[in-house]
Amino acid sequence: MPNTFAYIALYAWPLVVIVLFRTMPLRVAMVWSIVAGYLLLPTRAGLDLPMFPAIDKNFVPVVSATIMCLVVTRQNSASHARAMRKFSHSDSNLAANNGDEFQVRRGQFLFYGLLLILLVVSPITTALNNTDPIITDLGFLKGLKFYDALSISSTALVAILPFLLGRRYLASEDSQKLLLTVFVVSALVYSLLVLYEVRMSPQLNIKLYGFFPHSWAQHVREGEYRPLVFLKHALWLAIFISMATVSAFVLFRCAGNGGRRMRFLLAGLYLFFVLFVSRSLGPLSLALLFIPLVILLPRKTQILFAALVAGAVLTYPALRSADLVPVYRVHEFVLSFDEKRAGSLMTRLENEDRLMEHAKTKPVTGWGGWGRSRVRNERGRDISLTDGFWVIVLGVSGWLGYIAQFGLLTLPMIFLGLRRRQYNLPPITAGMSLVLAVSLLDLIPNASIEPIVWLLAGSMMGCYQTLAKAVPKHSDGRLRPADPSASIHENKPVGESERPQRSGINRPLHVRKPRSSA
3 MPNTFAYIAL YAWPLVVIVL FRTMPLRVAM VWSIVAGYLL LPTRAGLDLP
53 MFPAIDKNFV PVVSATIMCL VVTRQNSASH ARAMRKFSHS DSNLAANNGD
103 EFQVRRGQFL FYGLLLILLV VSPITTALNN TDPIITDLGF LKGLKFYDAL
153 SISSTALVAI LPFLLGRRYL ASEDSQKLLL TVFVVSALVY SLLVLYEVRM
203 SPQLNIKLYG FFPHSWAQHV REGEYRPLVF LKHALWLAIF ISMATVSAFV
253 LFRCAGNGGR RMRFLLAGLY LFFVLFVSRS LGPLSLALLF IPLVILLPRK
303 TQILFAALVA GAVLTYPALR SADLVPVYRV HEFVLSFDEK RAGSLMTRLE
353 NEDRLMEHAK TKPVTGWGGW GRSRVRNERG RDISLTDGFW VIVLGVSGWL
403 GYIAQFGLLT LPMIFLGLRR RQYNLPPITA GMSLVLAVSL LDLIPNASIE
453 PIVWLLAGSM MGCYQTLAKA VPKHSDGRLR PADPSASIHE NKPVGESERP
503 QRSGINRPLH VRKPRSSA
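Position one of the sequence shown corresponds to residue 3 (this note's numbering), numbered consecutively onward.
In short, the hints are calculated from the structure, not lab data.
Misleading hints may appear alongside valid ones.
Ranges of calculated distance between the beta carbons of each label pair, as one might list FRET restraints [stated by the list, open to error]:
1) ALA83 - PHE54: 31 to 39 Å
2) PRO365 - ILE137: 19 to 27 Å
3) ILE69 - PHE142: 34 to 42 Å
4) GLY382 - SER156: 25 to 33 Å
5) PHE54 - LEU283: 36 to 44 Å
6) SER156 - LEU17: 20 to 28 Å
7) GLN424 - VAL21: 42 to 50 Å
8) GLY258 - ASP384: 50 to 58 Å
9) LEU17 - LYS342: 40 to 48 Å
10) ARG262 - PHE213: 39 to 47 Å
11) PHE278 - TYR149: 42 to 50 Å
Taking lysine-lysine pairs in the DSS-like style, the calculated list, with each CA pair at most 27 Å apart, reads [what the hints assert, rightly or not]:
12) LYS234 - LYS342
13) LYS144 - LYS364
14) LYS302 - LYS471
15) LYS362 - LYS147
16) LYS364 - LYS147
17) LYS209 - LYS234
18) LYS144 - LYS362
Model, not experiment: these values are computed from the prediction.
Cβ atoms here follow ideal geometry from the backbone N, Cα and C, with glycine treated the same way.
Generate the whole structure from the sequences, applying the supplied hints.
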C-alpha cells in the first residue's frame, strides 16, 4: 500500500505544474509537467471513482498541464486581441498576425474521424454488443450498460490528452527539438537513480512511497538487479532510457558543428551504457537497431523506415493471425542462447494465441471491460496472461477500438512516409519518427503505452497536419512558381542578357539627349 507521502506527492503535483507554467514558456512547462510527473510520481497511489478515470500519475500531470495550457493560451489570446485593438490603425502587420503558428493544412478528416471512433462509436458499439453476462462455475461477469460506454469514453479521453497537447503545441520543428531534449535531460538526471538501484537493489520506491510496484522476482536476474526507480516495471524504465538514447543521437545528428553536438554524442553513449546495465534485452536490442539508422540514413529514408514499422504495428493482429510474423523462429533463436528467456517468450506466444482466438468471436466490437476479454478454463478460472498492448486493445475494443487507438499512433507517420517527397520534412521530425517507432515496437510485447508515447504521436500528427509542401524545382535548379498559370520566368534570376536595355547610345545621366531632327 502507498504511504501518506505518496498521496501527498500525487495530489500536490498540480502546484508544481502551476509553478512551471508561471516560470517557463508554455511548451517547456507542458513537456516538463508531463515527463517529470511520469518519472517521479508513484504508480499505485490514486483514487478510482465510478464512471470516471482513475486519478493517478497518468491523470494528474496530464489534466493539470491541459488546464494550464488552456488558461495560458486564453490569456495570450486576450493580450493579443488588446494589442490588435491598440495598434490596428498604426501597425497593419501586427493586426494581421494572429499570434498562432498552428495552422492546419490537411488531415482534418483523419484526425476527427479517429477521435469519433475512439470516443463515441467504439465504446457504444462495444457496450451494446456485450449486454449479456458471462456465467461460470466460479461466478459471473456482468453485462455492459450505457454507463460502461461513458466510462470507456472518459478513460480514453484522458489517455489521449497528451496526444491532443502534442498535436496542438509540439508540431513545429523547434517544439520537437524541445521534446527530445527534455527526454535526454530527464534521462540523464534519472540515470543517477538508475545506477543507484543497479548497485543497491530496486528500493527507492519502497523507501519513498512505501511499496514495491511489481514482483520482486522479476527484478533480480542472475544475481544482478534490474532497476525501475518510480516506474511500474524495469521494462518501462528500460524502454524510456532506450527512447532517450535514440533521442540523444537524433539531436547529435541534427546539431551543428560545435560543443553542443559533442555533448549530445556523449549523452547518447552514456545513456546506452545505463541501458546496458539495466539488463533488459528488448529495449537494448531496439536501441542497437535504431541508433545506426539515426546516424547513417538520410532523413527521407528514416521516415520511410519509421512508416514501415508503423504499418507493421497497425496491421500486426492480421499479420499474426495469418502466420506472417515469424514469432516461433524468434523463439528458436532466443532458445539458442537463453533458455529462461525463451521459456518466457513461449508463454507469451501461447497466451497471445488463446487471446486472439477468444477475440475472434467478437472481432469488430471486442468483449469490453471487467475481464470479459480474458480466457477462462472449463470451471471459469482465468488462465490468461496479457502482456502486449495490441492484444489487450483487440480483446477489449475489437478492431474498431484498435484502428482508432493505433491509427492515432501510426497513421500520421505512415502518411508522412508515403508522401515524403511532397513535404519539406525537417531532419528533427525524421529522427523523432524513429524514436516513436521504438516505442511502437515495444507495444507488441508490452503494454508500455504511457503519456510520453501519446505526446510523441501527437507531435507527429500536428507535424503532418501543418507541414508545408516542398517547393518543386525545375531540372536546372530554378524554383517552380506555386501558381501553375504563372510564368516560369517569374522566379528566375535576371541575368545580364535579360536585363532591359535602354535604346540609343548609353551616356551619363547629366548629359542631355540631343533633339531628333524633324
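Open item on the list: So if I understand the rule, the pair passes when the alpha-carbon distance is 27 Å or less; does LYS362 with LYS147 pass?
Closed with: It holds: about 22 Å lies between the C-alpha atoms, which stays within 27 Å.
TODO: Kindly confirm whether 36 to 44 Å is satisfied by the beta carbon distance between PHE54 and LEU283.
DONE: The hinted range 36 to 44 Å holds for PHE54 and LEU283, with Cβ atoms some 38 Å apart.
Task: Straight-line alpha-carbon gap LYS209 to LYS234, limit 27 Å - done: The given pair, whose Cα atoms are some 15 Å apart, holds under the 27 Å limit.
TODO: Can you let me know if the beta-carbon spacing of GLY382 and SER156 is within 25 to 33 Å?
DONE: Cβ of GLY382 to Cβ of SER156: about 30 Å, so the range 25 to 33 Å holds.
Task: Range hint compliance [Cβ, ILE69 to PHE142, 34 to 42 Å] - done: holds, 41 Å
TODO: For GLY258 and ASP384, compare the CB-CB distance with the range 50 to 58 Å and indicate the outcome.
DONE: holds, 56 Å
Open item on the list: For a C-alpha distance cap of 27 Å, please report whether LYS234 and LYS342 respect it.
Closed with: holds, 22 Å
Open item on the list: 40 to 48 Å was suggested as the range; check whether the CB atoms of LEU17 and LYS342 agree with it.
Closed with: Holds - the Cβ-Cβ distance for LEU17 and LYS342, about 45 Å, lies within 40 to 48 Å.
TODO: Given the hint that LYS364 pairs with LYS147, test it: the Cα-Cα distance must not exceed 27 Å.
DONE: holds, 17 Å
Task: Distance restraint evaluation - GLN424, VAL21, Cβ atoms, bounds 42 to 50 Å - done: holds, 43 Å
- [ ] Check the following: the C-beta atoms of ARG262 and PHE213 are separated by a distance inside 39 to 47 Å.
- [x] Hint holds: Cβ distance 41 Å, inside 39 to 47 Å.
- [ ] Just tell me: holds or violated, for the beta carbon distance of PHE278 and TYR149 against 42 to 50 Å?
- [x] Holds, since PHE278 and TYR149 (Cβ atoms, about 48 Å apart) stay within the stated range.
When the structure is compared with the earlier hints, no violation turns up for any of them.
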